[in-house]
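This is what each chain is made of:
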Amino acid sequence: MDEDTPQDPADVDSTLWTDRYRPKRFTDLLGDERVHRSALLWLKEWDQCVFKGSNSKTSGAAAELKRERRKKRARDGKFDGAADAGDGEQAADPFGRPHEKILLLCGPPGLGKTTLAYVLARQAGYQVLEVNASDDRTGKVVEDRIRNALESRALTMDGGMAGNKPTCVVVDEVDGAGGGGESSFVRTLVKLVTEGSSTKKYKGKGKKDRPLLRPIICICNDLYAPVLRPLRPLAKIVRFSPPTNTMLVSRLKNICTEEGLGADAKNLTMLAEVAEGDLRSCLNTLQFIKRRSTIVDEAAIRSTVVGLKDTGTSSTQVIERLFKKPPRKKGGGGTDDRYVNRIVRDVQTSGEYEKISQGCFENYLGARQLTDTWPRILEATDWLFLYDRLDGRLRSDRDYELLAYVPYAFVPWYKLFSSHTSATMEFPKTDYEAYLKRVAHQEIVQTFTASMPHALKTLFTGPNIVAELLPLLNRIIAPDLKPVNSQLIKAEERAVMLKLISTMLGMKLSFVQDKNEDGQLTYKLDPPIDVFIHFDGKRASDMAPSRYAVRHLITREMEAEEIRRSQGEGVTNNASDIIAAYNMCA
Amino acid sequence: MAPSSTTQKVDAFAMMRQAAAGKKPSAAAEASPPKASGSGSSSKAANSGGPAVAPMFKPKGSGLGAGPKHVADVENQPWVEKYRPKNLEEVSAQDHTVQVLKKTLGNSNLPHMLFYGPPGTGKTSTILALCKQLFGPELFRSRVLELNASDERGISVVRDKIKNFAKTTVTTNHDPNYPAPPFKIIILDEADSMTQDAQSALRRIMESHSRITRFCLICNYVTRIIEPITSRCSKFRFKPLDVSSTELRLKEICLKENVDCPDDALRALIKTSDGDLRRAITYLQSASRLHSATTPPTPLTAISVQEIGGVVPDGVMAELAKALGVESGAEDVEMGEPSGRTVGAFETVQRAVEKVVREGYSATQVLTQLHDLLILDPLVSPRAKAKIALTLGETDKCLTDGADEELQLLNACAKIRKAVSEAA
Amino acid sequence: MSLLVDKWRPKTLDELAYHEDLSERLRALAQTDFPHTLFYGPSGAGKKTRIMCTLKELFGPGVDKLRIEQRTFLTPSKRKIEINVVQSNYHIELTPSDAGNWDRSVVQEVLKDIAQTQQVDLNAKKRFKVVIINEADLLSRDAQSALRRTMEKFTANLRVILCANSTSRIIGPIRSRCLLLRVGAPSEAEICKVLAYAAKKERLSLPEHVATLLARISQGNLRRALLSLEALHTQDPTFKTVSASHSLLTGTKQSASDLDSVPRPDWEKYAGRAAEKILGEQTPERLLEVRGMLYELLVHCIPAPLIISTISKRLMDRVDEEIKADVVYWAAFYEHRLRLGSKPIFHLEAFCARIMSVYKQHLLGIGFD
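For the record, the sequence lines run as chains A, B and C. Position one of the first sequence corresponds to residue 1 (this note's numbering), numbered consecutively onward. Position one of the second sequence corresponds to residue 1 (this note's numbering), numbered consecutively onward. Position one of the third sequence corresponds to residue 1 (this note's numbering), numbered consecutively onward.
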């Protein structure tokens, strides 16, 4: 893994170009420099803890960055917040560690995340222990391997082995670490990071309690993979974006020159576009071409780029690719039969059909369509139906043979909506948000129905409660009352009030005092069935606003009425509830 | 047979109806479990075209292993139970099945059996009668296990309860008046509602204990029984009852129960029950209850029978048909609109449909009756009929899938109206 | 507790205001032996009220002594589910949707329980207990087939009364075991009569045109008409906002504002606004807007089929004669898809998109002619 040693010129041809031209120094890195800097900065913050002031390895630039960072932190008021043990000497952390103990690099494949991790570690003077998807990654492994690696520094330092460097663990493809439960990989990782951080700086209380004293770099493709949820709040997240084509092309040009491969900028640009910023695949292609010719031309590129990528694609990427055409090729014959297979493969490797369907649904109306707007939209909805139908059958009847057909429901979206302009894709979330809201509303309904009088329960069942009872009940309990003293109230208003109170008591509705965002006191309906007359966040317009004073008055009267009822047992007045009425009949 | 004579006139359509009806349940089965609505119309088609089938039961006492509790209440007993046949002799018709089964009484050799056919054709009655005759009241309890859909019949029950019963050896002491062959009978009523897993578990049991245990499976839809089981059974198809045998049976009951049932009421009864004798008897009992409760008791009427059967009255149907433009010299129906605004054709249909839906008639019933009304109407052109039949079929499928009745009915009616007016 | 809708609800068969012939029948049936019955008819037609009145006729005032009991059921998969059941000494009431996927187990257990216990009350007029099953058309097929034999077997101790909006979703074997009783929706005049009765009892003056309007918009749903009356009265005690020349009363062509100026549930008005949006402009941007509104309706727990039928009814009121049939066709089409699928928003939006497309074509067609 560690390609530190210079290449032997003899076997130059046998090495992969991706390895040969893998950046070795920080300055070799391609891509957004700010991203790299922020990652380096984080790693440098460990110096305090790891190298204990032996500042020989801390470069001047990094130290400067670090100062800057500190300043910024102070500005943001995070200075104190970061230090949980109020140690005077080390303001940030008792061990001089940065606030976030883990660096999480995320971005699509082939942008050099792993390379960056290696370069950084080397630059900062660490040796790398890589744990990737090929390794067994149960919680036990983290426990043993990583902890051992992280804590064995004393041994290696003194023993003079392995270049005397402290270890930095790089966990590649961390989003692929599946499985939940207490002993899952990510959870153990979290435990490793969090435990001991609040203990005093005295160490040696036994292995379990030891705090994490070495940096961990995690790499992932999909930042929002569910398995990463516990990790995200603990980590410093650095997002990768693809390097610009110009940067990519100039790098490719350099390499071509070095390898004696004739290539002009136009063809290299095309290559870079086809590879979608993935430098690794560009290099692989070039190396492949080199074996056959000395000139990179269009035909050569086209004959080799087929099926370039086969990495696991995230749903977001799949959606993006459905809506964005790859760069146009001249005389683009043959692309038609190719996109079907490409999309099917993409969708299959991602496997997140539901998310993709949501992504399609949420983005298709925003896609640019020049002609045939409605036929396109209608066709799209038909395909959504196909997906929904297949999905439904899969779930209810467990007809797993149908699974093979699901990806084809997404293929037509490419034909219908893809364009060359890159529109920003929305991560599908509207549906989930709506779902959460609906569940919340259902709970309100359930609370309400549970305390509804029997007679009404038999009268209103199922959707009738929401569709009929609640909207109208909201009006029934909101008569236009004037906020006056209950003693001065007019006779007819008194009657309205009494009726209201008995209705509300019967329905087990009440007003509870609460504060709104501005800190003002308000009375809220409980259970808050008034959500059912709020649409688009607005209260129904035909109802008089219910004022604080009125609700206050009602609440007081309701309390009084309740006391009266509990005292006057057996005495049922006109406004008694229905059970009492039934008993009377009996 | 009054209905069949009318059927002659539109022979081609009767055939199409049969073909369409035959297809319908399978289309429904593909999408969701077939519902009775589909089978209802198919059995009707079979009935009007098919040959006469004999009735199933003849009267006699109560019986059947429903437990001792309801014996006390003979008067309140449903007539369906009261007039269940007690032995195969009483099942006078359904000649083929009965003949085969009678032989088994003599030689004590019985295969595994599978009874299938539409509801109310006497499947359960036949097997219960056979068991009674084989074992007599003494042995009945120990030799017959009856399980139906109201019992838990998951795979665990098949493995435990059924298997254990199948395994137990038979005792030899028995009433000499009955043949009591040396095996037990397990009746699985409504077997089509058993899960595939449970059915597969069953097949091994059927084989390994066949020496001492016979199975009788009863179902409405033979297609829902897995192939390995059907191949192990002798299949008996129960056909819907024809008019004359139903009539005979109902008249018998009327006589025994002192019900005054005029001919038109009887005809309505037979028509609405659609070859389902249980339904016919239930309706008869309900109707007689209604009419005997009045003072003084009145004879049954066709209208009350139709109402009990959920049939849409002819008047309502005629009004709907008129709104659809089917009626000689049909003009736009005056719906009592106060203003002088002209009412469009669609709105006429919309109101007529709304009225029918508000009255609570079920959409499937309306469709079935629309079908009878329109397809048999000599004034509607064949081309329009073809379109109408297609529309009705599509709508029935949607309803089977659980779609909204009012929307579906309105859509169907709007389409029919269009088909009719285009042809005119 | 005194909602109008419940306060003056008839408690005996004699008090029922309409369908006298049905009441007569029920009375007759209660005198003799009572069969298993299936009450069916549209929502708010008074099925439940008639059932309760019949029970009273059968057992006397004891049925009014309702209590709620929490019962625990064990599903075949050994999961415990708790359900509140309303019951009296003589009857028990089940709502299958409470039981979710386990309706079969619940129905089976309750029925067998009752079937195997004799009526404890020796003074009871009848020997049997009644099980009322609400929303019987929502019972799963499984649960329905579980019912069929039980109904046949345990007739001595048990009568089942099913209550359903339609018989279409009740399986044949159940239908053939029940006496079908249809409860049609009350006519406008009948609703007006009941409204006037309730108003008189409450001592409020209800102008005739207000009653007619309420009856008309309630579309045969008496329960809703009564609720609307109370809501309207609370908001507007003198009914001054309802004009006697409202277009719904005079039958002239209805404008959008007319349709909104009547007391309807908020979600219905909101759905109406969505329909207006569809007719106002036909672009993807507008469809996106409508999508937001559809989500808003779904979030408020309005069932998707109801959304489609409400929107389509509004559309039918507003579009030209020529494309009304198209609106119905597509409404029925997408409503069917809705039932087949599991993602309502897809199909709701598809419906709106289709209508936009159809409507736009229609407008263009007129432009060219």
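For the record, the hints were derived by calculation from the structure and aren't laboratory data. None of the values given here were measured: they were computed from a predicted structure. Glycine residues also receive a C-beta, built at the ideal position from the N, C-alpha and C atoms. Incorrect hints may have been included.
If you want the footprint, here are the derived chain A segments under chain C, 3+ residues with CB under 8 Å [stated by the list, open to error]:
no.: 1; segment: 254 to 267
no.: 2; segment: 356 to 366
no.: 3; segment: 386 to 397
no.: 4; segment: 453 to 464
no.: 5; segment: 527 to 538
Outcome of the hint check:
| no. | hint | verdict |
| --- | --- | --- |
| 1 | 254 to 267 | violated (count 0) |
| 2 | 356 to 366 | holds (count 4) |
| 3 | 386 to 397 | holds (count 5) |
| 4 | 453 to 464 | holds (count 12) |
| 5 | 527 to 538 | holds (count 5) |
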